[in-house]
Amino acid sequence: MINHLIVGPLLLPLLMGTIIILNTNQPIARRRILGLSSCLAILVITIILLFQSADGPIQTYVLGDWPTPFGIVMVLDRLSAMMLCITALLSLLCLAYAARGTDRQGKNFHALFQFQLLGINGAFLTGDIFNLFVFFEIMLLSSYGLVLHGGGGLRTRAGMHYVMLNLVGSSIFLVGVGILYALLGTLNMADLAVRMSQAPAENAALLQAAGLILFAVFALKAALLPLCFWLPDAYGFTSAPVAALFAVMTKVGVYVILRVYCLIFSEYAGVGAGLLTAWLLPAALITLAAGAAGVAGSRDLRRITAYLVIMSVGTLLAVIGTFQREAVAAAIVYLPHTTFMTAAMFLVADLIGRQRPHTVTGLVPDRPVGQPTLLGLLFLTAAVAIGGLPPLSGFFAKVMMLMTVTDSAGAPWIWGLVLGGGLLTLIALGRAGSVIFWKLLPADDPGTGRETAPVPVYTPADLFPAVLLLGISPLLVIFGGVITEFAFAAADHVINPVHYIEAVLGPDRSFPLLLSSGGE
Amino acid sequence: MEWLVSTCFGVMIACGVYLVLRARTFPVILGLTLMGYAVNLFLFLTGRLHTNLPDIISSSQTRYADPLPQALVLTAIVIGFAMIAFVVVLSLRALGELDTDHVDGHKEKPPS
Chain A
28 MINHLIVGPL
38 LLPLLMGTII
48 ILNTNQPIAR
58 RRILGLSSCL
68 AILVITIILL
78 FQSADGPIQT
88 YVLGDWPTPF
98 GIVMVLDRLS
108 AMMLCITALL
118 SLLCLAYAAR
128 GTDRQGKNFH
138 ALFQFQLLGI
148 NGAFLTGDIF
158 NLFVFFEIML
168 LSSYGLVLHG
178 GGGLRTRAGM
188 HYVMLNLVGS
198 SIFLVGVGIL
208 YALLGTLNMA
218 DLAVRMSQAP
228 AENAALLQAA
238 GLILFAVFAL
248 KAALLPLCFW
258 LPDAYGFTSA
268 PVAALFAVMT
278 KVGVYVILRV
288 YCLIFSEYAG
298 VGAGLLTAWL
308 LPAALITLAA
318 GAAGVAGSRD
328 LRRITAYLVI
338 MSVGTLLAVI
348 GTFQREAVAA
358 AIVYLPHTTF
368 MTAAMFLVAD
378 LIGRQRPHTV
388 TGLVPDRPVG
398 QPTLLGLLFL
408 TAAVAIGGLP
418 PLSGFFAKVM
428 MLMTVTDSAG
438 APWIWGLVLG
448 GGLLTLIALG
458 RAGSVIFWKL
468 LPADDPGTGR
478 ETAPVPVYTP
488 ADLFPAVLLL
498 GISPLLVIFG
508 GVITEFAFAA
518 ADHVINPVHY
528 IEAVLGPDRS
538 FPLLLSSGGE
Chain B
2 MEWLVSTCFG
12 VMIACGVYLV
22 LRARTFPVIL
32 GLTLMGYAVN
42 LFLFLTGRLH
52 TNLPDIISSS
62 QTRYADPLPQ
72 ALVLTAIVIG
82 FAMIAFVVVL
92 SLRALGELDT
102 DHVDGHKEKP
112 PS
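If you're matching them up, the sequences are chains A and B in order.
Start counting at 1 in the first sequence, then tack on 27, and there's your number in this note's numbering.
Start counting at 1 in the second sequence, then tack on 1, and there's your number in this note's numbering.
Hints listed in this document are in silico derivations from the structure and should not be mistaken for laboratory results.
None of these values were measured; they are calculated from a predicted model.
All C-beta atoms, glycine included, are put in the ideal place defined by N, C-alpha and C.
Treat the hints with care, since some could be wrong.
[To be verified] On the chain A side, residues computed to face chain B include the following (Cβ under 7 Å):
hint: 1; residue: 183
hint: 2; residue: 184
hint: 3; residue: 187
hint: 4; residue: 190
hint: 5; residue: 196
hint: 6; residue: 198
hint: 7; residue: 205
[Unchecked claim] Taking beta-carbon pairs under 10 Å as the criterion, some of the chain A residues facing chain B (in silico):
hint: 8; residue: 164
hint: 9; residue: 168
hint: 10; residue: 172
hint: 11; residue: 180
hint: 12; residue: 181
hint: 13; residue: 193
hint: 14; residue: 194
hint: 15; residue: 195
hint: 16; residue: 199
hint: 17; residue: 204
hint: 18; residue: 208
hint: 19; residue: 214
Produce the complete structure using the sequences and hints provided.
Structure below.
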């Protein structure tokens with residue numbers, strides 16, 4: 028019995044995006060309703076899929092019923108179900124926030140948003156590496172449109188860098204995929220894993236080169252140093268709901284690194300085994316340090332948040348870089364927290380910025396914001412969650428990550444940099460908060476021309492997306508036990524490629540894999 | 002033959018990289034296009050170099066041309082074409098908004 032719900036997160040945004048394009052010249056309310064109902068439906072589907080995968084096997088969906096490995100296959104395991112769910116929830120709230128005015132700046136915002144979801148969901152679901160390229164391109168092409176949404180010189184300049192870098196990245200991705208296909212003769216990721224384990228030693232150098240070429244591309248998507256310099260500009264200058272949605276885009280890179288290097292280049296992979304163990308941890312730690320330096324050195328709340336995205340990627344990949352089951356589980360616990368909280372911070376920063384018409388989110392003294400208590404509380408909650416202080420989810424996720432990496436050789440570095448980075452984050456956010464809320468210019472300062480500008484007053488409808496995003500943090504703590512259990516089960520499926528291969532290719536195909544490692 | 006094709010690929014990638022590193026949008030776009038062509042050629046080559054092989058499997062033939070790289074390269078060409086079209090439009094818009102064709106938006110220094 029094939030579970031047709033699996034293609035729902037792909038077909039729904041595709042269909043709705045097309046319908047929205049047909050409604051381009053209709054009143055914007057219609058596009059908003061279509062977009063929001065699509066996001067809501069995807070959320071319902073992904074929650075059902077999450078519960079199905081939580082206590083079920085890995086499910087596959089064979090498009091066109093072509094026998095694997097010849098056709099394209101969609102694979103739903105616990106990790107991809109969780110990523111789909113995170114994306115759906117985040118996109119619903121971001122779209123609700125955008126529907127308060129951001130979407131008026133361009134006609135095609137809602138259509139692009141749906142195609143963006145198609146690309147992201149596709150990247151999480153696909154089990155075919157060339158299909159992954161196609162979904163990356165769908166994701167990128169819509170993200171180009173969304174980054175530039177609203178226009179303006181700074182956005183155009185940042186967008187141009189983003190587009191050109193990613194075009195080069197796509198070319199390199201194809202080279203990597205081409206080498207893999209030329210040597211292994213397949214594109215199905217499970218089949219690639221089996222054939223990689225049987226690859227002759229004379230192809231070792233080329234296969235490893237292909238693996239590292241692909242790593243460079245995924246590192247560009249995930250924004251690992253030295254491929255992260257596009258991110259602060261692109262995320263810092265684009266509109267807030269788009270930046271908040273893009274908090275999950277770097278996680279696509281993280282997900283793909285985890286998926287590909289635990290499957291195709293796993294410990295059973297023969298000549299490709301353990302390809303990333305020497306690279307991922309140091310690269311991630313340097314990224315974490317660079318992100319922390321950026322957070323401490325920025326003079327603008329939006330840029331601080333953009334660097335927080337880099338820090339979260341560095342933290343995740345450093346923990347994943349140990350390639351141990353417990354550490355991967357801890358990273359899976361940290362992933363929803365960091366995605367939702369950085370997204371919430373982008374929205375809070377935008378709410379603050381719109382009430383400071385002269386300096387926006389810049390950290391210079393200005394007149395007080397219109398609703399200081401409300402915005403102050405939102406900012407404080409976001410800062411506590413991101414900084415990793417006790418009552419909220421950041422603290423527990425970080426403790427779990429630090430406890431699970433103690434056996435790894437890189438443990439002192441991970442501990443030092445995660446804790447040091449957390450301290451710098453707290454200092455930077457504390458300073459940002461004190462400048463914005465306390466270091467005020469007198470309201471009636473004559474001669475500056477600043478007393479005239481009117482500021483919007485927020486109603487609950489403006490605030491609820493940010494409040495709900497922040498409300499996820501205590502929920503992650505309350506349901507911490509369930510989530511941790513789920514994360515361990517998800518890590519089991521990710522870290523051991525045999526489950527994935529058996530689900531895709533059938534029960535006996537993982538046999539060569541075990542033989543090659545001298546196992547059972 | 003293999004020597005010739007791989008030299009072609011190498012030269013195209015080298016020229017592409019050189020052009021992508023230029024400071025004006027026009028050469029950068031040319032470089033991206035050239036890299037795209039080189040990569041398409043590379044994908045095409047993943048089916049190996051053959052001549053006179055049939056593309057339809059039959060019982061009398063033991064060797065045949067691999068059809069998959071041709072499908073892949075078609076997909077890559079279409080996507081690459083869309084991307085280049087987009088980046089051309091984007092750089093025209095950047096020229097309008099930033100008033101310069103420098104990739105970092107630097108203004109022209111006045112001639113001294």
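Outcome of the hint check:
1. 183: 5 Å, holds
2. 184: 5 Å, holds
3. 187: Holds, about 5 Å.
4. 190: For residue 190 of chain A, the interface hint holds, since the closest Cβ of chain B sits about 6 Å away, which is under 7 Å.
5. 196: 11 Å, violated
6. 198: 5 Å, holds
7. 205: Result: holds, 5 Å to nearest chain B Cβ.
8. 164: 5 Å, holds
9. 168: 7 Å, holds
10. 172: Nearest chain B Cβ about 9 Å off; hint holds.
11. 180: 5 Å, holds
12. 181: Holds, because the Cβ-Cβ distance from residue 181 of chain A to chain B comes to roughly 9 Å (cut-off 10 Å).
13. 193: 9 Å, holds
14. 194: At about 5 Å, which falls below the 10 Å cut-off, the nearest Cβ of chain B leaves the hint on residue 194 of chain A intact, so it holds.
15. 195: Constraint on residue 195 of chain A satisfied, holds at 6 Å.
16. 199: 8 Å, holds
17. 204: This interface hint holds because 8 Å falls under the 10 Å limit.
18. 208: Given a least distance of 5 Å, the restraint on residue 208 of chain A holds.
19. 214: 8 Å, holds
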